[in-house]
Every structure is written in structure tokens, then in C-alpha cells.
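Engineer: Mind assembling these two chains? They're in different frames, but the hints should get you there.
What follows is each chain in one-letter form.
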Amino acid sequence: MGTVSIKDHWGEQRLFEQRAVAAAFVIAALTLVLIGRLVVLQILRYDYYAELSQGNRVRVEPLPAQRGLILDRKGLVLAENRPAFQIELVRERVPDVEATLKRLIEIGVLPLDDLDETRKLVKSRRSFESVPIRLRLTDVEIARFAVHRFEFPGVDIATRLTRFYPHGEHAVHALGYVAAISESDVKKLEKDKLLSKYAGTSLIGKLGIEASYEEVLHGVDGSRQILVNAAGRSVQRESKDLDVLDPIAGRDVITGIDLPTQLVAEQGLIGRRGAVVAIDPNNGDVVAMVSTPGFDPNPFGRGLTTAEYAALRDNIDVPLLNRAIRGEYPPGSTVKPAIALGGLTLGITTPQRTKSCPGYFYLPGSGHRFRDWRPHGHGVVEMETAIAQSCDVYFYELSSMMGVDKLSGWLAHFGLGQPTNIDISGERKGILPSPAWKKARFKNAADQVWFPGETVSFGIGQGYLVVTPLQVAHMASILATRGKSYEPRLVTAFRDQGTGKLDPIPPKLIETVEASPENWKVAVDGMIKVMKAPGTGWRSQVGAQFQIAGKTGTAQVFTVKQHESYKEMESRLSERLYDHGWFIAFAPAEAPKLAVAVIIENGKHGTAAAVIARRVLDQFILGHTTTPDIPPPVVAPSGEVVVAPTAPGDE
Amino acid sequence: MYEPIEVGSRSRRTFSAAGRILGALKLDGPLLVGLGLITLFGLVVLYSASGQNWNRVIDGAIRAALGGVAMCALAQVKPAFLRRIALLMWIMGVVLLIVVDITGHIGKGAQRWLDLGFIRFQPSEIMKLAVPMTCAWWLHDRALPPDWKSLLVLAVIILVPTALTIIQPDLGTGGLILIGGMLVVILAGLQFRVIFGLAAAGAAAGWFAWHYFLYDYQKQRVFTLLDPESDKLGAGYHIIQSQIAIGSGGVFGKGLLNGSQGQLEFLPERTTDFIFAMVGEELGLFGAAILLLLYVFVVGRALYLAVETQDTFARLLAGSIALTFFVYVFINAGMVSGLLPVVGVPLPLVSYGGTSMVTLLAGFGILMSLYSHRKLVAS
Chain A
1 MGTVSIKDHW GEQRLFEQRA VAAAFVIAAL TLVLIGRLVV LQILRYDYYA ELSQGNRVRV
61 EPLPAQRGLI LDRKGLVLAE NRPAFQIELV RERVPDVEAT LKRLIEIGVL PLDDLDETRK
121 LVKSRRSFES VPIRLRLTDV EIARFAVHRF EFPGVDIATR LTRFYPHGEH AVHALGYVAA
181 ISESDVKKLE KDKLLSKYAG TSLIGKLGIE ASYEEVLHGV DGSRQILVNA AGRSVQRESK
241 DLDVLDPIAG RDVITGIDLP TQLVAEQGLI GRRGAVVAID PNNGDVVAMV STPGFDPNPF
301 GRGLTTAEYA ALRDNIDVPL LNRAIRGEYP PGSTVKPAIA LGGLTLGITT PQRTKSCPGY
361 FYLPGSGHRF RDWRPHGHGV VEMETAIAQS CDVYFYELSS MMGVDKLSGW LAHFGLGQPT
421 NIDISGERKG ILPSPAWKKA RFKNAADQVW FPGETVSFGI GQGYLVVTPL QVAHMASILA
481 TRGKSYEPRL VTAFRDQGTG KLDPIPPKLI ETVEASPENW KVAVDGMIKV MKAPGTGWRS
541 QVGAQFQIAG KTGTAQVFTV KQHESYKEME SRLSERLYDH GWFIAFAPAE APKLAVAVII
601 ENGKHGTAAA VIARRVLDQF ILGHTTTPDI PPPVVAPSGE VVVAPTAPGD E
Chain B
652 MYEPIEVGSR SRRTFSAAGR ILGALKLDGP LLVGLGLITL FGLVVLYSAS GQNWNRVIDG
712 AIRAALGGVA MCALAQVKPA FLRRIALLMW IMGVVLLIVV DITGHIGKGA QRWLDLGFIR
772 FQPSEIMKLA VPMTCAWWLH DRALPPDWKS LLVLAVIILV PTALTIIQPD LGTGGLILIG
832 GMLVVILAGL QFRVIFGLAA AGAAAGWFAW HYFLYDYQKQ RVFTLLDPES DKLGAGYHII
892 QSQIAIGSGG VFGKGLLNGS QGQLEFLPER TTDFIFAMVG EELGLFGAAI LLLLYVFVVG
952 RALYLAVETQ DTFARLLAGS IALTFFVYVF INAGMVSGLL PVVGVPLPLV SYGGTSMVTL
1012 LAGFGILMSL YSHRKLVAS
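Protein chains in written order, with the numbering used here: chain A, 1 to 651; chain B, 652 to 1030.
In short, the hints are calculated from the structure, not lab data.
Honestly, I wouldn't trust all of these hints.
[Stated by the list, open to error] Per label pair, the in silico range of CB-to-CB distance:
1) 870(B) <-> 83(A): 54 to 60 angstroms
2) 735(B) <-> 35(A): 38 to 44 angstroms
3) 870(B) <-> 124(A): 44 to 50 angstroms
4) 183(A) <-> 851(B): 26 to 32 angstroms
Values in this document were obtained by computation on a predicted structure and should not be read as measured data.
Every residue, glycine too, gets a C-beta built ideally from N, C-alpha and C.
The shape of chain B in the complex, shown without the other chains (with noise of 0.2 angstroms):
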């Protein structure tokens, strides 16, 4: 539903033109602006967290430029397409995530990545998009709300990636794969007393697991944030200097490149998973929230246009897309500040990081062409 070019002021006319590009290159104008914004707010806060360091800047320039690349092509590609590869995706990555698994095995202790020689590679990024492309597939030509087969095919889909990666051990992006495919299972019109009931059964899960499967940094990560004072120089030190950080920073901050906690390296992991600390010290309460409304705005827009898609899978997968990078946003916002346990989840855009930048933009492109070939859909 492209709008008709009318006769009007010079702006109206420039707008419509820049629309018309971005039609042709299946990319959402408001979605790219939204994410645009916060990658370079992203940038700015990462040029007073690096200490000033332009190469740092640079890299981050470089990266966002390629999730740009990563995005533009994605979106180029027809849903349908996607739809035919996504069991392969799954079946690769669930291969790959056993080769990590055993080597890690082999070499003793946390393996994530998967060294290809000329690139290095974490196979549970992969998963990240690809169960929520799987489950999406599979309910695709079935009828909705799920029936019982079904959801048991989707639990397989969606557990056997995700038990492989924490058992890496990765319990942060493996409860991450989690969310991602059960959003997909909401979306798709879960019963809501399916939801609480397997809520339940979570719940229960995680107590056995907790007694019988976590790590023990895992468990001290759960004590450190009931009780952060326990441990101020161990797990509990990057709680407390992340909330002396934001809380410090008060309402309009202590300006970029001014805040002590960040700039006089008491606060831990400052550029990568705690650096939106940095944005409440240097920016104070205004800078956060101006921050998280732009990211309210993308994923409003995002689940904006799954809901103007027009088939079961563009719908599911678009949604979950869009729904899951606001948790990425609520887990990594909710951690620094003192809410959830201190899991390995980067804040989407603004944390330094390759492989996060590239994979969130890269699923914003296959939500664009979700969206773009609709009509193709339709007809």
C-alpha cells in the first residue's frame, strides 16, 4: 500500500521521494531512523567509555556499517525464501552448536566460539534467529492457536538448541534462544492457561536445575543481586558499581566524558554489557529514558509493521523479532541497574560488540522484507 504521489510543499514532495527509495530498497523509513538514532547515540557513549579512543569509535562505526550491509541484503530477500531455509538453519546451527559443545568439552571450561580459520563465530547468534524462523515455519500452514503435536514439535525446536548452549555454558543467551522461541509460541495464540501452566513448569524446572545443574558463578550471580553487599569485591562488584554509576548521575548526569565511575575505570565492562551504566552517569536519568524511548519506538514500529504482515510466518517471526529485542533492552537495562542477575546479555546497538550488532540488524532486515513483500503475499 505504497502511497499515491501527490502535489504539495517542496518537503512533501523530498519525503516522498526518500520514501520512494527506501520502497525500492524494502526498508522501512521510521524503523531505520529509529535504529539509526541509537546507534549513533550508541557511538557517542562509547567514544567517553573507550577513554576518548577514536579507534575504538571507528570500529564501532564499522561494525554498525556492516549490520547496516547485513540488514539492506536481508531485507532484499523474499520471505518465502527464508521460510524454505529455515529448518536447514536449525539443523546447522544445532550441528554447530555440538561441534562447540564437545571441543569445549575437550579443551575444558566455557566455549562459545567456533574458529572457522578466517572467522570466528558464535553458532548460538545463529540460533537466535534461526528458532524463532523454525517455529515460525512450522506453524505457518497449521491452524492457530497450536494444537498438542505441535507444540511438542516446537518444544523439540526449541529446546534442543537452547539446552546446548547452556550447557556451553551460556545460560544467558541460552535462556535468550528460549524467550525467542516461545515468544513465537505466544504470538501464534498460546492459550493463556497453556502459558501459566508451562510458566509453572518453568518454574519448577529452574528449581531442580538449580539444585541439580547450575554452575556455582552461576547460582552467585543470583545470590550477588539479592544481596550485592555480600560480595563488594567479587560478582557483587559490578552491581554496585553499576548502580553508584547510574544512581550518581542523577537527573541530567555529570556530562559525557565527566562521569568519575566510568572514566576512573571503577565501572566494570564499561564499553561492552554495563555500558548503559555510563549512559546514566554521564546522562543522567534524561539520557537513559531518552534512550530507552527510542527503544520503545523501534519496537513499537517493528510490531507496528508484523502486524501489517499478511502470512502466519511473516506475522510470527516479525513479532518475535521485534518483542525480542526488547528483552535484549529489559534484560541488559534491568541487570545494570540492580533488577536482574548480572547474564551476559549486551544493550542492542549501544554495546561494543561484533556479533550482536550484526545479527540484531541483520534480523531488522529479514523483518523489513517481512514486511516489504507483502504484497507479493497478497496477490
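Okay, chain A solo, but in the shape it has when bound (with noise of 0.2 angstroms):
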């Protein structure tokens, strides 16, 4: 390239000319890859672009649904939703808001510990929501505020559904409660794939009905579209395409609980621990189940602190625990009826054999005494008044002749050693004992050695027989029905919250006991008897309306567990070293409309359990009790139960 050149204007022109013609080729291939950019994005990709913007524009609200409610069987209500107040605070449309949390502390609708937190809490929200600061407010903190509310603008009060027992602690085992769902439950939720419908919900059911039937109480939460801005903030403006997916409300739930009876059952275990289960033996709806000590399942909802949480834990009486179903007590002699029948049926015995009671009784070649519960005995006894006065030794030498394989057989058909499967969770099964049972429940080969003696206990209900008052009072009820075995359930029907549309669950029969009439008329006649002089139980029939069969029963201490100090054991010791008062009965005794079973822990013996299923039974069948000395539980409007607390004699 020479340094001296002379400017060639055609050539430059050409040059040009080419230049700007390749200029014009890489425009149009450049104009041609951002077009083809555009199509990628508008064309093959539209979908997804579609949607991540509907996902920018809109959130999505919860719509909770409303829960079902729980029923007793006349439509009194168990458990319900009702509004709980709160305070919320708008941050942005509040001018001050250090001062407006002081002057609320001032005026007395916010705890001063709670002022930092309340702070943050505030902080942490973006500046349009609405951020809930106190919750729960009583109707005083309500007025409170009401009348100090022109101070306080960005500041109001708003109504959420909370559920509601309104027989607070009444019950409590039956119905169970709600609580927030813990990252276990959401875990179960998801792996059943329910968890979509629990978007607007912050409570699930914990315990009995309302955790067994969560998925029918629950319903399906909807969801509602809103439109936002970048800043999530909702913007008013026309759309017609978002979304409402309304709720589905849950469905009520009726259960066969009698509402009155269950409060005549409760009343009178005030201050012990002790359980009853009363069965409408027809079709096994469960019309009272108690146990005691309960609790208040209310405060659940809101959360409980750590300290009132240990203080329910770690109660000597474990009021957490549903003895009903998940106390397990020797039965006594409750189970003499069922072995005698047993006895009659498979041919062993006859009504007519007799037995002399010496008080006490030895198995042939054995030098160990088995102990009546009378020291001089009952004399000459056949069956019939065997099981009226409880003769131990009668049961002693039948449950011998028996031997344990057609004893544990014969039980098994009134529902013990298994699962009632009532429709609630947690039930125990007990222990219904068998050689074979011994040697799975044993390691040592010592040990898994049935003895004959262990026959001999046995057929007086101790021994390794444990059982649950509910399995109590499903053997009643079979009993009851001479031999129809009916699945114990709570729920007997669902409601629909819009329509009233009932929808009954259908009792399920599980068997029937075969016996003919004739033994079963000696088993029942024989409980029958005991509420006659000098029968265990004659007290209870006194002016009694309809014959009472019944049966009383104690059973050693076998101490539900617990965890307690040894100091807090010594200073209650030798009362709870009584042995269990029993009594089960149904009544009237020919048509029976009701069984129960009532367990007293260290009562003795069953006298003061008999007192109480004497009021139960008149409660159900009459609708009134008929033992004037004891006011019966009253409820007030409010939904509170007015109880006068009882003291059932010793005797």
C-alpha cells in the first residue's frame, strides 16, 4: 500500500456499493434472528411465558371451608364454629405505629410482653396487609376498644371461625379437638394427597370424632383469583377471567352420644378417675363414653403454651388419656355371666349343678388356696346365684373344668383380647389370655408354661386378662341382645351443612353369639338376680322403673400408666392401692334399650360404679334420673353444664 495514492472515485463507488449491499444482507439476516427470536418466544414457548405471567398477575386467596359440626343424637350441638375476635393493624394506614401499639397497651387490648414481638411481627408484613396482632379477645377487650376506636385508625377489629366445644371439657374424649396442623400432619396430608384441600386451613383434627373424621368434617377449601400489581399489592380492575373455586363445606357429623346421659355418667365420676361406656346394644351406637379427668379442649385452637401443655402431660391422673378405650383393667368378675353361658353351651355344666363355697377352693393334687371374696363362703350354690352373689369358688372349679382353650375361645366371641374397631383411633386391644398367648408373650421357656392355676384365676376375670371399659360394655351389650355383636361406633350419621340431607351409617352386626334360649335365660336371670337381695348389686334396682340385669365386679390395682414422682406417689398411696370398682348392666332387662359398663379406679369395689349406671340407665330409657338426693347436670343456654358434684357412698 504506497503512501502517495490517487483517489479512484468509480472504484471508491463500487467499494461502496458493495459494502453497503453486504450491509444490507446482515441487516436483513439480523432482522431475521430477532423475528426468529420473537416466534420462539411468542410461538414455541407461549405456553409457558402464558402462564408464568397469569402466575405474576395473580395470586391466589384460600377460601377455608366451613367445618362440620358434631351432633348428639337429638341434634344438640357437640362442637361448632364461632367467631373468634382479633385485632388487626394496617400498617400503612396507620400514622404511628409505635405509638398505637403503646396506646393499645394503654387501653388495655395488648399485653406489654407482647410489644416487641407485636413490632416485628408488624415489620416483617408488607405495608398494605392486614396483620393480625391479638387474637382471641374477650368481650371486655372488645368494648375496650370499641369505644377508644377513633384513635385508631389502620387498626380494626376482625372475625375468623374457630371451632368451639361448648360443653367445654364434657365429652372431650369422644369428640377430641383441633390444633394446628404440625409438619407430621402435613406430611400424612401429602402423602394422601390432601393436602390441596387444607390451603385455607390452620386447625385438623388431634383426637377422637375430630381427628377420625377429619376428611368428612374438613371439606374442601376453595381458593379465590385476585389480581396484583408487582408489588403484590391487590389492584381493583376489571378481569373476567379469574378463577373462584368455592369451598365445600364439610359434613355434620351425628353422632349416637345422649347429650344428658353422657353429663348423668360424667357427674358421677367428679373428682376420681374412672371410666364409663354405655352402648345402645341394637345397634352398638355408643351413647356415653366418659372418662376421667378430662380436659378443656377450647384452648387447643389457639395453641397451649409449654407450660399448660406439661401441666395436662404430666398430671398424675393423665386426663390425655381416654381410659375408655385405651385403660386396660382386669375385668373381675363382670366376665362370670359370659363363662357361664360358656359353661352351659359347650356342655360342661348344667344350671341345675351344684357347688358348696367354703370360701376358698384348691385344683385336685395342689396345696395352693384360691380365696372367695366372702371368707366363709356362700354354702351350697348353683349358677344362678353363683353369678348373683359373685361366688368365686363356683367359677374357680367351672373355669378348671373348662380348661383355658374352650375359656379364651369362648370370651373371644364377646370381643375380648381384640379390637372392638370402634371409629375412633387408639383403642387397646387387651389381653384375652391363652397358652398360646403365653408362649408368644414370653421369652424364657420357664415362663411360656401354662399352669392350670392360671385357669383357676382366670375364670374370676384376673389373672393376665386386662380389658377396656369399652370392651366391657361390648360384652354387656352382646349379653343384652343375647348374642347379637354389634360394632360399637360414635357416628351414626353425616349431614349435609346446605341441604340437611342425612346420610346414616348402617349398624354392622359382627356376629352372633350361639347359645340357646334356655342358657341364655340362666346367664340373664342370673343378672338379674344380683339386683335382687342379697344380690351384689340390689341397691341400684331400689325404685328402680324397669329391671336392671347387672353384674358388679373389682379388679386388683393395675395402675393405668403414669408418670409420677415417687413423693407425689406416697402422699396418695393407699388409696391407690384400692382395687377398681366394676359394674355392668343392662336394662330393661327383657328388651333392653341400653348396656353400660362403669370402671371406677380404686373404687373397692362395684357399689359406687353401680350408683352411677343405675342414673345413666334412667337417664337414656326414662329421660330423667329417678335419685332425687343427686340434682342432675343442667345446661345452660351459654352451652355451659351446670353439675353439682356427687359423692356416691362407699357402700
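Structural biologist: Rendered as C-alpha cells:
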């Protein structure tokens, strides 16, 4: 390239034209690249971006489904949804958040201790969001705030529906309670593919009916799409394509519980540890389920403090334990009518066969003395008298004649040693011992052997045999119907919240215990004789308007699991060593409407339990009690229950 | 080469009358129509992007009118005058850039504006025109393609303002100045082997700059382009939201005023640098393609005018103005649609912003002057 060049105008013109043409091609190519990019974004990936755009502009606001009610058999409300009032604050509408919070403390609607946390909470949310700063206001607090309302722009009272149990601790073990959805609940819901139904819910059933019928009660949460801008603020703007998914309300659950009967049963156990289960023997409906002491389920909805929960958990009387389905006790003499029926049905004995009872019993070839509860014995007794007076010697002999296999096999028909499959979870199945059971239960070969002496104690409901009050009530209801074994259940029907349409659940007959009518008559007549002097339960028949068939029982102390220190134990030691008192009954004896089992822990014997059973039967069958010295419980219009404590006599 | 006046249909006569007026004003009709359509298109989109804010639209129209006045005025200026003042402009521009850099250094942080009290402007904008003018001036009397000594001078003309702009720091404008100058040199017939050599050297320089000179936020922009999802709410937010806007527009768009991305403020900078995403969302592929084709028409016409000019200075400057205009379009549309990193380059004549509107129309005024005064040169 020379340093001096002559300009070649035509050549330069041609050169420029070439370059311009090349540039035109490059421009065309780059334009195609841009249009190609637009085609990729706007045609090929349109669906993807359209969805992202939709997700941007739309926020989904959950609409919680209304939880179904729990009702008693006559429609009385046991669990409902009530508005709870809370104070909410919108930061951007409050001129001075700090001063407002201080003033709220001054007028006494915000606890001073909460100030720091509330301040943090308010700051952590977006300025246009309504932040709840105080939950569950009392009526007094609402009134206080209302008076000062004008001082608080941007602060308002809002209502949320929360679960409410109008009768407090009454029937709590049957109903269960709701509490905040825990991490493990979320995992379970996820596994069952139910989580999407809980978008707007913070509470879930934890025990009893609330837990077992969670799916029915809860319904399906809905949602509403609202238009939001980039800051997340809701935008008032017309839009046709916003979806609303209406929530589907949960269904009401109708139980077989009769609230007045439930209250009468609870009244009998005030101040005691024990359980009552009453079953309609004709269909298995549970009419009353009591476990004392109980607890108030309402605070669980707002969340218990650690101290509150610890107080419940560590209470020596374990109020959280549902003794009715989880307490395991020896049934004592309450199994005698069933064993007697077995002896007859299996052809081992006859109603007329007698046994002389000197107050003790020896197995042939053994020196071990089995005592009767009455030291001097019952004299010569046949079967009905043996049941009526609860003669232990008679049943020692009968059970050793039957042998453990037949005994165990027969009692299995009455549901012992197996879950009743009641419709709430957590039930224990007790132990119905047998040589096979013993072999599986113990590791040591010497312990695995079944001894004849063990059959003897088995015959009076002691030894390895343990049962739950529910199982005992179930057994009583099989005796009542002369063999019809219905699966016990708390819930009898569902009801649509909207239409009120009832959807009854048919009762489930498990089996019919086969025995001749004559043999049934002997067993039942024995139980009727229990209620006549000198039968062990005669006091509870006095003045009754119907014939009761009953059976008392005492169980050697078998304390339920509890966490107690030695010191606490010491102070109550003597009382807690008393035997448990049992009573089972059904009435009217010829056409039973109700079967009931009562256990009083450390109640010494069955007499006190029999008083409770009588009142329960009265209340359910007659609609009122016939024991005028004890005022019946009253349900106040507020739902609160007024109960005069009773002190059932020891004898 | 004016068309002779023919006796024909009435419309033909009217057309010719308009042509005569335009000729007297030294303006080019097709180019004027193209620029007018793009500006109008821009005002309509601005109406939607600003949330139906008429003040913004009127403001935009006033700026367009100012640009139009500048265009008409510059169209009257004789190319020879432009050629004479090119070097002077360049020197002034460099001085102002140095002043801006120094005040920026004192004030700490990016400094692009020069505040003269009555007006604030960016010296780097002047350089967008001054650099190609000076390059064309240098090459005007020299044989093409340029020899290596010329190239050395051209390198100084181009790189000094580029470097001064980049250290403001303003990588985007610096790059545009570089491209404007380079285009003159390429149009001047720079051999392709030299072009590729320079490209290789540029790549090496880029690598060097990446490791030693680029600011973190500038590097971040490149990272973000490569993987917008890595920084969803930070630098990646712009790109993600603009791609969502464009993509969700589909073929025919959501309709003017109906784009949720823009109207609900998800799309950042929607009246300025990212207005092309508004076009894509509300008017769809259809509207965006029409806008792009209008740009291609304007660039094509400008390139044609450049070819028609008759001296080196005019050809090179006109060609550079035409191609730079397309470069702006490509960089902005490429950035908004996620092909290029986010750099502050507005969409010509559509993005809301005064300086760019006036500078661009002034450039086209120069281009028209170069074309319409060609007879004088030829004679």
C-alpha cells in the first residue's frame, strides 16, 4: 500500500456499493434473528410464558371450608364454629405504628409483654397487609377497643371462625379436639394427596371424632384469584378470567351420644378417675363415653403454652388418656355371666349343678388355696346364685372344668382380647390369655408354660386377662341382646350442611353368639338376681321403674401408665392401692335399650359404679334420673354445664 | 436528479407538489414517512406504557417535534460545513468527556450528565455523531481502502472517546461510539482480513477487560444474560419479566392497554429501555414484526440514500448513520428479548427520552443534507 495514492472515484463508489449491499444482507439476517427470537418466545414457548404471566398477575387467596358440626343424637351441638375476634393492623394506614401499639397497651387490649414481638411481626409484613396483632379478644377487650376506636385509624377488629366446644371438657374424649396443623400432619396429608384441600386451614382434628372423621368434617378449601401488581398489592381492575373455586363445606357428623346421659355419667365420676361406656345394644351406638379426669379442648385451637401442655401431660391423673378405650384393667367378676353361658353352651355344666362353697378352692393335687371374696363362703350354690352373689369358688371350679382353651375361645366371641373396631383411633385391645398367647408373650421357656392355676384366676376375671371399659360395655351389650354383637360406633350419620340431607351409616353386625334360649335365660336371670337382695347390686335396683340386669366386679389394682414422682405417689399411695370397682348392666332386662359399663379406679368394689350405671340407665331410658338426692346436671343456654358434684356412697 | 414534472392524474400531481416542497426543504419523503410512522407507533405504545398518562405522551410528542426541528435545520446545513466542523466537534466532545469524568470522579459514582445550568446533556451523545463525522472527514481526501497510517489515526479518533465514555462508566454508550466509528472504517473498504484480525484482537481485549477492568455490575449483566434464573429478583428480574411479557403476548398480543406484565408494573423500565417488551405483550408478534419492518425500511432507505451521495465524506457518514440506527434497534430488541446482555440502549424513536430522540433525528437531518446537497458536489 503506497503512501501516496490517487483517489479513484469510480472504484471507491463501487467499493462502497459492495459494502452497502453486504450491510443490507447483514441487516436482513439480523432482522431474521430478531423475528426468530420473537417466534421462539411468542409461539413456541407461548404456553410457558402465558402461564408465568398469569402467575405474576394473579394471587390465589384461599377460602377455607366451613368445618362440619358434631351433634349428639338429638341434634344438640357438641362442636361448632364460632367467630373469634382479633385486632388487625394495616401498617400503611397507621400514622405512627409505635405510638399506636403503645396506646393499645395503655387501653389494655395488647399485653405489654407482646410489644417487641408485635412490632417485629408488623414490620415483617408488607405495608398494605392486614396483620393480626392480638388473637381471641374477650368481650371486655372488644368493648374497650370499641370505646377508643376513633384513636386508631388503620386498626380494626376482624373475625375468624374457630372451633368451639360449647360444653368444654364434657365428652372431650369422644369428640377429641382440633389444633394447629403440625409438620407430621402436613406429611400425612401430602401422602394421602389431601394437602390441596387444606390451603386455607390452620387447624386439624387431633383426637377422637375430630381426628377420625377429619375428612368428612373438613370439606375442601376453595380459592379465589385476585389481581395483584408487582408489589403484591391487590388491584381493583376488571378482569373476566379470574377463577373462583368455591369451598365445599364439611359435613356435619351426628353421633349416637345422648348429651344428658353423657353428663349424668360424667357427674358420677367427678373427682374420681374412671370411665363409663354406654352402648345401645341394638345397633352398637355409643350413647355415652366418659373418661375422667377430662380437659378443656378449647385452648388447643389457639395453641397451648408449653407450661399449659406440660401441666396436662404430667398430671398424675393423666387427663389426656382416654380410659374408655385405652385404659386396660382386669374385668374381675364382670366376665362371670359370659363364662357361665360358655359352660352351659359347651356342655360342661348344667344350670342345676351345685357347688359347695366353703370360702376357698383347691385344685386337685395342689396345696394352693384360692380364696373367695367372702371369707366364709356362699354355702351350696347353683349357677344363677353363683352369678347373683358372685361366688368365686363356683367359677374357679367351672373354669378349671372348661380348661383354658375353651374358656379363652368362648370369651373371644364377646370381643375380649381384640379391638372392637370402634370408629375412633387409639383403642387398645387388652389381653385374652391362652397357652399360645403366653408362649408368644414370654421369651424364657420356663415362663411360657401355662399352669392350671392360671386358668383358675382367669375364671374370675383376674390374672393375665385385661380389658378396656369399651370392651366390657361391648360384652354387656352382647349379653343384653342375647348374642347380637354390633360393632361399637360413635358416629351414626352424616348430614349435609347445605341441604340438611341425612346420610345414615348402617349398623354393623359382627357376629351372633350362638347359645340356646334356655341358656341365655340362665345367664340373664343370674344378672337379674344380682339386682335383688342378697345379690351384690341390689341397692341400685331400689325404686327403679324397670328391671336391670347387672354384674359387679372388682379388679386388683393395675394402675394405668403414668409419670409420677415417688413423692407424689407416696401422698396418695394408700388410696391408689384400692381395687378398681366395676359394674356392667343392661335394662330393661327383657328388652334392653342400653348396656353400660362403669369402672371407678380404686373404687374398692362395684357398688359405687352401680349407682352411676343406674342413673345412666334412668336418664337414657326415662329421660330423667330417679335419684332425687342428686340434682341432675343442667345445660345453660350458653352451652355451659352446671353439675352438682355427687359423692356416691362407698356401700 | 429531480423528477421532471409530468402532467398526469391529480394525485400524481399532488404527490409531485409534495415532492417539490420536500425537495426545497432538502428532506427525503420516504424516509420522513418511515420515521414519522415509527414515532407515531412509539407515542401510541407510550400512551399504554405510561398508564394512559397524556402528559407523558404530549411530552414525548414535544420531544419528537424538537427532534424534527433539529432534523430540518441540519438538513439545510451544507455537507462541506459539516466536514469542516467535524474535527472541532470531536475536540470539544473529548474535552467535555474529560470534564464529566473528572467531576464524576470527584462526585464518586457514574457521571454521564453535564449540567450547564440551563440544560443538561450527555457529551457522549455528541460523540455518537462526532466520531463518525471525524472519521469520514479524515478519509474524505484519502484513497480507499485506508492505509495503515490512516487506520492508526482513525483508531485514535474512535478509541479516545470510547475509552472516556466507558470509564464514566457507561459501557453501552461507549460500545455504540466504537461501533459508529468502526462502521465508517468498514464502509470505507477496510479489508475483511483486517476486520477479522481486529475482531480477534477485540475478543482478546474483551477477555482482558473482563478480568481487569469491568465493574462487577457490568459482569453481572453478562452472567444474568447467560442464566437469568440465577438472580430472579436482582439483575435477572428485568430479563425474566420482559421475556414473560413478550412470550405471553403470543401472535396477536393481549391488546393495547391489556398487557398485565406492563400494566401491573411487573415490567421494569417499560416506557424507556424495555418498551419493546410492551409492544410484544400488547401487540404480539404481529405488532413487533411490523415495528421491526418499519425500522428495516428506514435503514434500507437511508442506506440507499447513502449510496446515492457522491463524495466520500457523505457516503461514509450517511452509511454510518444508517447502520448505527439499525445497531441500536438490534441491541435494544436483542436485549429485551434476552439475546444480548442488558445495556442501557433505548429503542430508537420509541423509548421515552429526550436526548436520544433529538440526536437520532439530528443524525437523519445530516443524512438528508448529505443526500439532498449532492448536486452541488457533482457540479
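Engineer: Now, for every hint given, state plainly whether the structure supports it.
Structural biologist: Verification of the hints:
In this structure the supplied range 54 to 60 angstroms holds for residue 870(B) paired with residue 83(A), their Cβ-Cβ distance being about 57 angstroms. At roughly 42 angstroms, the beta carbons of residue 735(B) and residue 35(A) sit within the given window of 38 to 44 angstroms. Between residue 870(B) and residue 124(A) the CB atoms are about 33 angstroms apart, so this pair departs from the stated range of 44 to 50 angstroms. The supplied range of 26 to 32 angstroms is broken by residue 183(A) and residue 851(B), whose beta-carbon atoms lie about 59 angstroms from each other.
The structure fails hints 3 and 4 (numbered hints given earlier, in ascending order).
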